[in-house]
Structures are given as C-alpha cells and as structure tokens.
Amino acid sequence: MTVGLAHYLTVSVVLFCLGLLGVIARRNVVIVYMALELMLNATNLALVAFSRFNHNLEGQVMVFFIITVAAAEVAVGLALIVALYRKRQTAHVEDLASMRL
Amino acid sequence: MHAASTHLAWLVLLPPLGAAAGITLLALNRPAVSARLSIGAILAAFGVSLVLFTQGVEGRTAWTWLSIDDGRGTFVAELGLRLDHLSCLMLLVVTGVGSVIHIYSLGYMRGDRSVGRYFAGLSLFSFSMLGIVLADNFLMLFICWELVGVSSYLLIGFWFERPAAADASKKAFLTNRLGDFGFLLGIILLWAAFGTLDFAELEQRIGAGTTPWLPSLVGLLIFCGAVGKSAQFPLHVWLPDAMEGPTPVSALIHAATMVAAGVYMLCRVFFVFAAPGSAAPDVIAWVGGGTALLAALIAVQQNDIKRILAYSTLSQLGYMVLAVGLAGMAAGAHPVPAMYHLTTHACFKALLFLGAGSVICALRHEQDIWRMGGLARRMPITFWTFLAATLALCGIPPFSGFFSKDAILALAWERQPVLLGLAVAVAFLTSFYMFRLVWVAFLGPAKSQAPDHARESPAVMTLPLLVLTVPSVVAGFWGIDSYLIEHFRPGEGLSAPGWLGQLTAPFHHAPVAAFSGLIAALLGIVFAWRLYSHRVQDPLPGLLDAAARPLRDKFYFDEFYGRLIAWTQDTLARGADAVDRWVIGGALVKGASGSIELCGRLLRLVQTGSLQTYAFLFVLGAVVAIVLMLGW
Amino acid sequence: MQDILFYVFAALTLVCGFLVVANPISRSPVTSALFLVLTIVSLSGLFVLLHAFFLAAVQIVVYAGAALVLFLFVIMMLDLKAEERRRITRLGLIGGGLVAVAMAWLFRVVPREAALVASGPAHVEGSTPALGALLFTQYLLPFEAISLVLVAGMVGAILLSRKEPS
Amino acid sequence: MDSLTFIIFCPLIGAVLIALIPRSFEVLFRGITLGATGLSLAGALWIFSEFELGTARIQYEELVPWVYSLGINYHLGVDGLNVGLLLMGALVAFAATCVSSEIRERQKEFYLLLLLMTGGILGAFASLDLFFFYFFHELALVPTFIMIGVWGRGANRREAAFTITLYLSLGALIALVGLVALYLETGAHTFDVVAMTRHVAAHPVSESAQNIIFPLLMIGFGILVSLWPFHTWAPLGYGAAPTATAMLHAGVIKKFGLYGLLRIAVPLLPEGAQRWVGLLAVLCLGNLVYCGLVAMRQKNFGLLIANSSVAHMGFAFLGIASLSLIGVTGAVVVMIAHGLLAALTFGLGGYLHQRLGTLEMAQMGGLLRRLPFVGGVLIMAMLAGCGLPGFANFPGEILVLFGAFIRHPVIVSLAAWAGLIIGAVYALRAVRVMLHGELPQRRHDTPDAANAWRKLPYALLLAALVVFGCFPRLLTDRIVASAQQAIASVQGSSVAEIQHADDRLFGGSEPTKASIGQRGAFYAGQEGIAAGRSRRQSGCSIRLTGNAAHE
Amino acid sequence: MSDLTAIGLELAVMVTALAVLLLDLWTPPEQKRQLGYVAAIAVGVIFVASFAVLIPEPRMAFGGMYRLDELSLYFKRFFLLTALVVLLMSIEIADRIEAGFPEYCALHLFALTGMMLAASAYHFAMVFVALELIAVTFYILTSYQRRRLASLEAGVKYLVLSAVASAFLVYGIALVFGASGTLDFARLADRSNTGSHRMLELGLLLVFLGLTFKLASVPFQFWAPDVYQGAPTPTVAFLALGSKAAGVALLIRVFHEAAPAIGRGWHGLFAGVSAATMLYGVLCAIPQRNLKRLLGYSSIANGGLVFMGLSTFSAPGLSAVLYFLAAYLFTLGAAFFVLCLVAPTAEDADIPALTGLHRRSPLLAAALALSMVSLAGIPPLAGFFGKFLLIKAALENGPSWPAMYALASVALLTAVISISYYFGVIRAIYWPGETEREVVRDPEPIVLSGLTRAVLWFCIVGMLWLGIAPDKMLILAEHAVRALAL
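Protein chains in written order, with our numbering: chain A, 1 to 101; chain B, 102 to 733; chain C, 734 to 899; chain D, 900 to 1450; chain E, 1451 to 1936.
Chain A extracted, bound-state conformation:
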C-alpha cells in the first residue's frame, strides 16, 4: 500500500492527541507549552498534507501563519514564566490555584 493522505493524517491525529495528553498530564508549564506546540505541529502536518493532495497551496500559507503565531505565543508564554518565576520561584500549575470556586 502506497503512502497516501490517510497515512499523513494518521500521524497528524496521533500527534495532536499526544499534545492533548501532554497538556492535561504535565504540570510543568514549560512542558505544557511544548505539548501545545505539538498540537500546532500536528495541525501543520495535516494542512500540508491536505494542501498537497488537494492541489491547493492555501494550506501551506495557513501553516506559515500558524508557525508565526506559535512563535509569538511561545515568546509571550515564556516571558510569563519568567515573570512568574521571579515572583514565586515556580513553574508548576499546581502552585497556580489561588483562585478557585
């Protein structure tokens, strides 16, 4: 069986769900960010694959935007961790539950 769209999409789906798992399971905010990156990358993969099999470049343009946004997001997120660490010496979500109910 030749490798086709379905194969790429399978990889994409699994990667997306791995990202979800990371967001839910990990407590270190940095790793949560990485998991989020995984999810976005899974999307990228799907888009590129669709783009190729749809004869349509627009998917690739979208990927371009996603990568850019992801970079900005990471920048802000990491700055936030820095600020948080200065304040509280932690990067753990369980330390971030002062507001609840």
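Fair warning: there could be bad hints in the mix.
Unchecked claim - Label pairs and their in silico Cβ distance ranges:
#1 Ile666(B) - Arg1341(D): 55 to 65 Å
#2 Val1897(E) - Val763(C): 49 to 59 Å
#3 Leu1914(E) - Gly1256(D): 56 to 66 Å
#4 Glu94(A) - Ser1107(D): 15 to 25 Å
#5 Leu1813(E) - Ser1000(D): 20 to 30 Å
#6 Gln1481(E) - Leu873(C): 47 to 57 Å
#7 Glu1001(D) - Gln156(B): 53 to 63 Å
These are calculated hints, taken from the structure and not from any lab test. These figures come from a predicted structure and were not determined experimentally. Every residue gets a Cβ at the ideal spot worked out from N, C-alpha and C, and that includes glycine.
Using the hints provided, position chains B, C, D and E relative to the given structure of chain A.
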C-alpha cells in the same frame, strides 16, 4: 297625597343615619350634643312613622343602589322602602320603643365618658333596624341585617375594657354571622332560581311553581338568618352573653327589636315558607318550640337579673318562631300571631329590661337577685311597672301578653297538639321563673346590704317606664291582630269587634288553648310563691338535686361549642398554618431555592482552580460534544 | 523509497512526540525540549516528503532555531532540582490518556475519509515562488496582521520579562 | 401634556427632581413627593369624574408609536376596567406618602423610590400596550427590594426581600412568556392591546394555543396576585416591608395581575379561559379558605393583615372565574375596594408599629381607650374586611358571589363561608386582642394620631371606602360597559354552559323552566346575544375613528 | 487602493496604537497617563467617524478575505465604543499599572484591531490571524499587573487554555480545508456539499468549540471566573465585551454564511450549549462572594443567552443578539468602571466590602446598582429589552422546533435565579450592614473627576436609553442582520 307620602319613608330612615354620621364626625366628645342629635333623630322618625301609620300610607319608593344589565337578566339592587301594614306597625314599635329607650339612656348613661359613642351606636342601630323593617327586597334586607349585627357588636362591646363585654360582643357577631351565611346562600339561590330579589316579584314567581326541593332548601337557608338574629337553638348562645352591654341596649336591641328582626323577616318573606310542599315550616316550628322550652328551663336557675330576662326573651322568641312555623304548615295560613306577639313582647320586654336597669342603677351595678330583696318599697314605680310587664309576659288577662300568646296557642291547637303541650309547659315555666324573680328581688327580705341604700331612679328613667306600661297593659284591646290580618288577607281584618269583644275573643275562638295557657300561668305563679316568697337562698337545687345543675349551667352549650370549635375550626386553622409553614413555605419554596443553591454549591466544586483539571474538562467536553453531534 | 522515509519520519515524530509529553525515564524539561527538537526536525522531513520545501525550512529555522533556544534558555533559569522532587500524578496521566485516546478514536474519521478528499494523484505545488505570490496577493491582509501579532508578542514579552524597577 | 401622561409622569418627574437635589435639602423631598402624588391624585380624580358613562370606548387615549418593527406603541387610555384602579392607585400613593413621615433617615432615597413605584404602577394601569403594561409594572420591583432592606422591619427582612423579589420576578417572567406567546400567536404583529383585540375578533387564536397561553398568564399573573399556592411571599414580604411600601404593594401593585387577566387573558383567549377558569375557581378557594384559616393562627398583626389581604384576593379571582358580567364587575370593584382597604390596614399597622415598636398582638390590649381615632378606624377597617355593608368591599363581594354562583355553586358557598365567617373570626379576634380588653400599664402613654395632618391618610382611605361602599354605582356604572366588552368573546360560548349549569342546579322540571322563563332574557335568548354583539361592534367603530384621529 | 479604504477604520486604530507606542519614547514618566487620553480621544474620533462610513451594499476586499457590510460595521462600532470605555477605565487605574501604561493602552488597541478584523473576516486564515491577534494581546494584558500573583496566574491559565482552544480551532480549520479544499467562506458555502461531509462536520465542530472559548460557554467556560478575578479590571471588561463579541461575530459568520446548511442543522447544538451554559453560569454564581468572579459567572450565563439567540437561526434572533450585546456594553461598562474605582485589588471586590458605598459615592452606587438591575433583566434598563427580544425570538421559533420552548423556560428559570445574586450586590450597596465586618464606621467619600462622572452618566443614560427607547438601536441591529440575507 298618597303617592307623595311614600317618600316620607325616607324621613323615617335617614334621620338616625344622619345622627350617627354627625355624632361620629363632629360630636364624639360632646355628650350633650350627641344625645340631643340622637334623641331628636329617633323622635323625628317616630313622628313620621306615626303620620304614616295614621294616614295608612301604602306603596313603595326606591333608590337604585346597584344595577347591572348583562343582557341576560338584570341584577338590580335597590334600596327600596315598602310601606304596608306590616312595616308601618313595626316602624311604630321600633321608633316608639326606641324613643323611650333613647330618653331613658340619658339617665342611665349619665356620667359615662363615651356617651357620644353610645348614642352614635344607638342611632346606627335605629337606622339599620328601620332599614330591615322597610326593606322591600332581599339585598337591602341583608345589608341592614348586617348593619344591625355590627351595631349590636359595637353596643355590646361598649364597655370594651371589660373582657367579658369584649368577648360577648365578638361572640354575638360571629354567631350572627353563622346564621347570615345560610341567609346569604338562600338569597343567592333565590336570585339564581328566580332572577329577582324583590319581595313582590318573588312572591309571584314562587307562586307560579318551582322544583319541589327548591322551596325547602331556600326556606331553610333563609331561616338560618332568623336563627342567628333571633337567637334560636342552636345559635342561641350569644344572647345571654350580650347582656354585658348597657341595659338600655339590652332593652332595645336584645329584647324589643333586633332579635325580633328575625321573626319580622320570617313574616315578611312568609311566601317563601308558604310555598306548597316545603318542609321548612315543620323545622321552623320545632326549632321555635324547642328554643322556647330550652330557654325557659335555663331561666329557672339563673340568678343574674338580666340573664333571666335574656332567657325569657329567648323563650318568647321561640314562641314567635313556633308561630311562624305553625302558620306555614298548612296552605293559606298567615303568621299574624307571631307578629302580634312580637309587638306586645317588644313593649313589655323593653319595660322589664328598663325596670331591671333602674334596679341595677339603684344598686350600683349589682345584678345578682340573691343580693337584692325588698325593693318594692324602696322603688315603687319601678316595682309596679315591672310587675305589670311581668303579668303581661306571663299571659295573665287582660294584660297584652295574654292575647298574643293565646293566638299562638290557638294556632298550635289547630295544627299540632304536641306543640301546644310544649307551649303550655313553657307558659308555666315562664310565670314560674318571672315570679321567682319578682319575689326574690322585689318582695322578699333584703338579702344583702345593697338594697338598703336603693332609691327610686330619677324621672328621666321612671317616665319611660310609665310610658311603656301603657301598651304593655292595654295593647291587647287595640286590634293589632286585625290590622295585621288586613296585610295578609286584605278585607278580612276589617270585621274587628269592639274592644270588649277583643277582650273575650280568645275564650270564644279556642277555649282549650286559652284556658290551658291561663291555668299554666297561674300554676307557675303559685309554685313560685310557694317556693320563693320568704327564702334567702334558692331551694330548687336542693329539691331537684342533680337535675338543677345542667339548668344552671345552661345545658353546657358554651362548653360544647368551645370544644366543637376547637375540634373543627381550630384544628383546620392549625393544619393550614402548619401546611403553610412547613409544606408550602418550607418544603416547596425553601426546598426549591435550597436545592437550587445546593446544585450551585456542588457544581462549582468543578472550578478547582487547577489548570490541569480545566484542560481535562475542556477535552472531555469536546469529546462529549463530538460524540453527541457526530456519534462514535 | 519515499514510503520508507515516510515510515521512518512518522515513527520518529510520534515516538519523540510521546517522549516530549510522557518521558518514562526523565521528567526533566530539558529532555522534553530536546525531544521536541527531534519531533520538529522529523516533521520537517515529512514536509519535504510532501514537497513543502519552504515550510520545512521555516520549520527548522523558526522552531528548532528560535523557539527551542528560547525554551532552553528559560528552562535553564528554573530550578531543575525542584522539578525532580515533584510527585508523578497518575491521575492526570490516566485521565489525560483516556480523553486523548477517546479523542484519537473520534478523529479516526479523518484518515478514513481521506480517500474522499484526495481525488487525484499527488501534485507538486510546494514551490516557494508560488507560495510567496499567494502570500503577498491574496493573503496580504492576514500577512500584515500577523506582523501585528508579532509586535504585540514582542512588546508583551519584553514588558513581562524585564526586571521590575525596584 | 395629555392628562394620562400627566398622571404617570408627575411622580416620575418628581423622582428625577429628587435625584437632582442635593441631600442637604432634606425638607424638600417630602414636599416634592406630596406635591407629585397630590397632582396625580387630582388628575386621576378629574378623569374619574369626567369619565363618560355607559360606553366601553377608550377615553383619554394617547398613542405614540414606539418601536415600529415590533409594533410597540406608547398607548395610554382608560375605560371602565382601569379608571377606578387609577384613582385608587393615586389615592393610595398619596396616602402612602402622608404616612411616610415616620421615615427619618435617607429620605432622599426613600421618596425617590416611592415615586418610582407610584409612577410605575400608575403607568401599568394606564397602558394599553402589552409591553408598556409589563414594563411599568416591573419598575416597582427594585424599589420594593431596596425599601424592605433599608427601611423594613423585623429580623427576617433579608429573607423577605429576596423571597418577594424572586417570586415576583418569577411570576412576571412567566407572564411575560405568556404575553410574548400571545403576541406571536395572534399574528397581528402588535403589542397594542386594542389593535390586538380587534385582530383577534376577526382571527381568533387557535384553541390549542389558547389552552397553553391562558394557564401561563393565569399562573404568571396569579403569582403576582399571590394566588394560592404561590402566596407565601406576600405575608413574608408585607410583614417586613416599611409601611408605605406595604400599602402601595398590597394595595395597588398586587392588582396588576388581576387587571392583566381581565384586560388581556380573558378577552383575547376566551376558549382558554373557558377551559381553565374551573381550576382558577378551585385555587381561589385556597386563598379564601386556606389563607383565611392561616390568618386565624397569626400572632402578629402584620402577618394577620398580610394573610387576610391574600385571602381577599380570592374574591377577585372568583369574580374573574365566573366569566359573567356581574362577577367580573364585582371583581373590579373588589380590586378597588381591597386596594383601599389593604392600604388602610397596612397604614394603621405601620402606625401601631411605630408607636409600640411591635405588632405582636399579645403585647397589646385595650388600645382603643388611648387611640380613639386610630382604633376606631382600625375597627372599621377590620369590619370592612369582613364584608360589612357600607364599605366598598361589600358590593364587590356580593356581586362576585352572585355572579359566580351559577357556574360554581359549591365554590361560591365555600367562598361565602370564608368571607362571612373565617374573615370575621380573625378580624374580630384582632380587634378583641389589640383594642378591647384591659390596657397594659406600659401602654398608658401611647399617643393617638395627633393632628388633622396625621389623620388625613387614614381618613381619606376610609372615606373612599365608605363613599364607594354607599354609592357603588360610582364604580359599577363605569365598569359595566367595559366588563361587558371584556367577556363578550367568552359569552358566546358561555351561554350553553350556563344553561347546562342552570339545568344541573334546578333540574329540568317544567315549573322551574316556567319560572325561569319569567326572568326576561336571562337565558340569553338570541336577542340578548345579538344586542350584545351590535353594542360591541359600535364600540369598535368608535375606537376605529378614535385611532384614525391619532394616526 | 480601494482595499485600503475598506480597512480604513482598522488602519486608523493600528496607527493610533503604534503612535502611542512611539510617543511613549518621548513622554516623561509623570505624563505617561496623558497618552491614555490620546488613545481614548483617537478611538472616540474613529468611533464617530465610523458613522460616516456608508455601505450601500456589502463589499469585499483583499481577495475575498475581508468583507465590509452592515453587520461588520455594527460590530466594529461596538468594539470601538467598548475600547473607548475600556481606555477611560484604564486611565483611572493608571497608577496601579506597573509595567508601562502606554503599552497597556497600545495593547488594547492591538486587540481592538484584531476584533475589528474578526468582524470582517471572510476567510479562515483571516479568522485565525484575527483571533490570535486578540488572544496574544490578551495573554499579555491579563498578566499585566505582574506584581500580583493573581494576575500572573490568570495569565498562565488564560494562555494555556486559550491555546488549547485555538489548537482545536486551527485543527478544525485544517479539516475544513481538507474536506472542502478551500478556506474562503464564499467558496465554502458553494462547496460544502461536495467532498467529505463527515470530515467537514468534524472540522466545523472543532471550529465551533474553539469559538465557544471566546464566549466562555460550555464546554470551554472554566477559565472565565479565574481570569476575571485575576486580570486587571479594564482588561476584564474588554475580555467580557470585546473578545466575546468577536466570538459572536465569527459564529454568525461561520455558521450563517460559510456553512449555512450545516449550521442550521446544528441548531440543537447551539440550543444545548445555550441551556448548559446558562445553567452552569447561574448555578455556580449563587454562592459567589467576589464581585469580579461573580461577573465571570454572569458572563458565562450571558454567553448562554447569546447562544439562545444564535440557535434560532432567524433574523429576529440575531438582531436580538446584537441588541443584547449593545445593552451588555453599557451595563458591563458601568459595572467595571465602578469596580475600577472602588476595588483596586481583587480582594476588595468582595461583595460585603461594598457596604456603605451609597454613602461614599451615590453616583457609583447608583451606577453599579443599575447595572446589576440591567443584568438581572428588569425594566426599565437595557438588559430587560435584550432578554425580552431573545426570549421572544426563541418563542417565535417554538412552533417549528418545540425544544425552543424548553430552552426559553431554562432562560426564564436562570433569569429568576440570577436575580438572587445580582440583588445580593444591590443589597450590599444600599442596605445597612448586618454583621460587624460589614458595618462601615466612618465611610470615606470617593471623589470622582468630571470625566469619570461623564463616563458613568454615559453608561447610565445608555442603559436607560436602550431600555426605554429601543427603537433606534433595534433598527440598527435589524439593519445589520439584513446583511446576512437570511
């Protein structure tokens, strides 16, 4: 002349109302002014009544109080005044006795700080009572009926600071209301069935025939009103307690007029009971007879002078109701005996009460007959007038009571011999307890220090006594009955014999009834003389042993009703209150709000503040959404 | 050949991805970051297989070059010892695993229906000039807007991370 | 400014004035409020006296299109149904202002809220547009809440304020849903009641829709009127409310639901009404009998009169449930009479509370000696409450009982029981315990209403009760034509039912028939209906021209 | 060139933002506050200028990326006015902003640009970029008071959860692209019946979920209370109004224009989300004691109401939504403005701490109380008419789909329940305190500047205007909806 003068009826009705309103608004704190207003009003009403009576005015005049035409039928409530023999005679009684009592009150109430309130109540009462008398339809009758009830409430509770008076006024009003409930239902039923409330029209339409059960039901319901107002068994309990009011009030309201209103009403709407096939008259007759006997028995063992008179009133009212029932039992009869007795009774019973009031005043509000005695010498006018009234009450010829009572006995003889026996027994008891009272209070030795200082009352009180003595003694010769028959059977009453004929008529017409009544009365006097002429203590309890106790305790009606109310109404109220508090207010309302709040408190436990939980719930929510929308 | 490469890259992507989020041996963020680099690199391999050469380059430059450096830089600031002392949370792992598996199960539609989408044979279109043309014509507005995102991100990153004036 | 707008806006403008005047001018607030409510009262009196009798035409009509796309108009007008209510509302508002001299702190807010309530409720009664009708009514909700909280009494005023607010909102929202559904179902694309009525006459709402919308309105409005079993808010709220609020609320605002039923539910949903009034009649017994019994058990005078006020609402419901001209007319009279009476009793309760510091009846006794005026008025009020002739309640209750008898004979019997006996029991018990009996030592210096100014509110309300009680035609002559119109659509289908009920009551025997035959057109012979119909049509045409003049 | 005129409003805002950033360089520290006024005035001018924009018919720009029609214009004006109020609010708390006040204003303007772009987006790339512009700026804004742990905590939570939501969104976009081969709304509407239908549906569902995050509605609602509590108050206001409205605008666009057939088929989803959201928001709010958190829950509940309007898929329903948003603007504007002034920190926003407010400042008390009344949906205020329209629209749909009756009754129930906590706030403001802690001994009056008063009055008048004379705004809303060709 006639057409114009029916409007004069308004002049009977309105002066007392004006006086009541005027006193309430302007003169509540001015005793002299209020008394003048009130007395002036009742005298004016009396004057106009006299004119109406002597002129023989008949007819009606009306003012539309409410009128609604719904395209199907008209609901008209008129304040209609009807002048005929029945109402004219009654007007005379009410305004006449009323005037006397108003004047008497001037003396009796002297020095009380609320004289204004007293006269306002009295005037209001006069207005309402005159309204009942003049009413030509059921709604107006009911309106005035209620107003009479409330003025009685206000007057019984006049000395509201005395707990007994306050309780008595409340009891009187509520008991009356119980009767009014039936009365109102009867009125509504009549309207629903016949589409009118006007007496004349109703008489026609009922005469035209109805379903068989309707007259019985309506009759009984209407009779409920009379049971309440005229204090018949089983609603008789309020009247003795009503004696907590000032004595003139007892005389006017609870002896002469208001309590008679029930009987008057029965006579006025006699056509309801006279409808063929109605079962109501039998019930009425038995209730009346029963009340007469019951009250007379209780009176035998009472010691309070006003209570004795009150039970005597009950007993006499029983007679009247009995008469109405007897009249209704056969077709074509008329309730003249009841009205006749009502008229004479009004005079002599008012006189008795006023006499009692005079005694009470003289003894500084001592009412126990066993603390009196020997008053005949100290208060001669009071004694002689009291004696005259007593003889009238006992039915000794030629006093007026004999004739009217005889008319009832004769009717009973015609219709129902058992009831005749009952009535005769009551006649015996009546003279027995009345002469017990006379002997103990007036003739026998003084039983305490109180009578020593007693002096004859002032003229303003004795004069009314004297005035009232006249009709009490001679009313039997006036041909009141033929005047009344003229109302029910136009033309029949004209053939009245002269006054001498009147005097002997009873013995011609129904000798059995007349003689049995007379003998019973005389026997009663003799018994009373034998038992009480020289006693300082009541020997009867000793003689009757245990049997006297229930008499003294009024056959335990008050206790029984107290229990009954506690068992039924209070239980219901307690139940309703509990349901309101615990079920509706608690379980339902608080439960609903509480459970909603609980949901909120539980639900927000989800907001743990933990990022991971949120992320988990996010994804879980997404999974659920996808499953729901797109399936597995 | 391409198919073999696909399987290699795909396996690498997924394994490394798994090791980023759930490394059974080390819970150090550094390890995760390194595996993230591997994931991204192998992804760009897949991009190449899909003829998206420009994106493959961007992927490596932006992610591996910039973002990852940033990650490592921040991680170095943190106290890694403290990280080691943290307990493992089975609950999060189990719960996350469950919903992630459920999600993956639900997403099985996606590869299954791929056949409906890919109607013809794959086509080479990933040429950089074409992409550029598209970007600067039809996609001009979002392209400009994305620059605002970057400006905002930059301003924000500076504001948040600079030392507080005492 | 047109007269109705004037009546409504006097209080609202007064409120704005008060809002703008700084707090330090404390003397002014009461004066402004008295002036504003006084002007409203004068306007309402003028309209009441100038009202043209014997017609169902809408008078003093004002129409300004408001929201075009939804068909909402600012439409005011009076006919027999609301002219009396308007007068009663204005009178009670004036009296409530008079008794508010007891308020010493935060007068600015108090009078502002009072005027808001007043303007709102007068507006609700004058509105002929569903939207404004609802809108104005809801203006009172927030003031009630704040007033109970700030100037209220009793330890549980927090609970009371929340209960009353939530309950009333629930009722109002249910009613709102009903109103919106009605709007949608008629398909007339207008919230204007007059236009809607005209439209419905030609295109009736489908019966299935009527059967759903009517109960919505019945329950929604019923909650606002404390229909059993949705009544528990009333005693709680009125027990805790400051005097003026309780007067306005129990007296005036509560009548809104009843008015809504009469103005909207019955005329627009005749079949729904036919089907559901049986339930309404049964529920009204809950008010009359059950709440009466509850009132008997109360130890606090405030709770007693609050429960009795709930109980009295049963008569109004019964009148509406009769769907007969007499009953409906009676219901309107009861509404007005009870408004005056409730205001009077709550006013007196407030006076006693202010003077004695408590309303526990056990702590009173013999007060009539010290309070000849207040006590006397209180006795009269209690007697009026148990349906004594001479007060306005009597004609209303009588009309209701007569009007409802043929349709609901058993219920009327029980209602008469409740009105005549249960009502009397608790009323007289209160008089006995509070006013009669011996005066406790510490009550020896309780002062009576000192001057004419203090006596004025009570005297006014009592006088109104007496005037309407003695001359009920002042009300009924105004009401009848409009009441006829309100139930005209019901009557068409009602005749057969009445006949059936009549047969059931009196059997089919010939003599009865004969006697009944004498009652003129009691059975709505064809002439009767035809006459009613032609009357209705002429009424419509008059209104049409009236509208044309506006447009 | 014509494309540039089409985005004139956005350009103006963007230029203002950059200008503020630049001016910051030359402004001495003590005058930085003035830059806030500059931004506010500029936004005000742009808002006024927006009324000069006349669109005879919908107009496309940038290769079909951008659509200028009445609907987008309505939203743009809404965002501008919101931003104006938010900027004025920011000036009030300028001294509590540690890390650069001009940047704070500029970032709001960036977010504003994103919202305005979102209102016009007609292409998924545009949707994504606009949303990310909003999201990234809000990451920064929520954590702006970085000395407060709460603010940082809110920032992290918002960032992670928002990123998860946008991952769903963007994956959905990818699937839509894969299934239909296009990202353009107009072409998608033509093609939505070809290709893989299930994949398209899954993609749209993921987009839907991503957008529910913006509306803080079920299932993505958990973040709202925490973030509302921690973030600076003006930011919260912008989040509650602007960000939410952007989500609404996109939901309307995607499900009415891009995929109308599928959208219509999903009215059950909308209704279900609506019911669940209303219930969740209202129930959780009952025991809430912190006003900012309370407003978070309230915002969830109101998101549910908005969904009720959306679920009708009818012109009256949508215009009701638009009207409701306008009403919500004045209402929340007043509430958050008051909060800015009386509660410098989240802890001060405890409801019992409001006791005695009416003595400290009658105007503040009145404004807050009125906004609570409006939120509770009681006449004569704006919130009432909004709810009225929504319920009417729902009932209107009842005959064709009876479940709407159930939804309307849920709305009814929640409206009643919500009164209990909104009135709890009024109670705190006006009632005398009951417990020792609540009694204010010697209340310190709050002095308000003229501008502050003006803004408060503006909000109050707006609430009253929309509640009493709704005609003008309703026409505007209906006009905007007409652009959708329903």
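Could you see if the CB distance from leucine 1914(E) to glycine 1256(D) stays within 56 to 66 Å? violated (40 Å)
Within 47 to 57 Å or not, the Cβ separation of glutamine 1481(E) and leucine 873(C)? violated (38 Å)
Status of the given 15 to 25 Å range, CB of serine 1107(D) versus CB of glutamate 94(A): Violated: the Cβ-Cβ distance is about 58 Å, outside 15 to 25 Å.
That 20 to 30 Å hint for leucine 1813(E) and serine 1000(D) (C-beta), does it hold up? Between leucine 1813(E) and serine 1000(D), where Cβ atoms are some 28 Å apart, the hint holds.
Glutamate 1001(D) paired with glutamine 156(B), Cβ distance criterion 53 to 63 Å: Holds, at about 59 Å.
Holds or violated: 49 to 59 Å for the Cβ distance of valine 1897(E) and valine 763(C)? holds (55 Å)
I want to verify a distance hint. Is the separation of the beta carbons of isoleucine 666(B) and arginine 1341(D) within 55 to 65 Å? violated (32 Å)
The structure does not agree with the numbered hints 1, 3, 4 and 6 stated previously, though it agrees with the rest.
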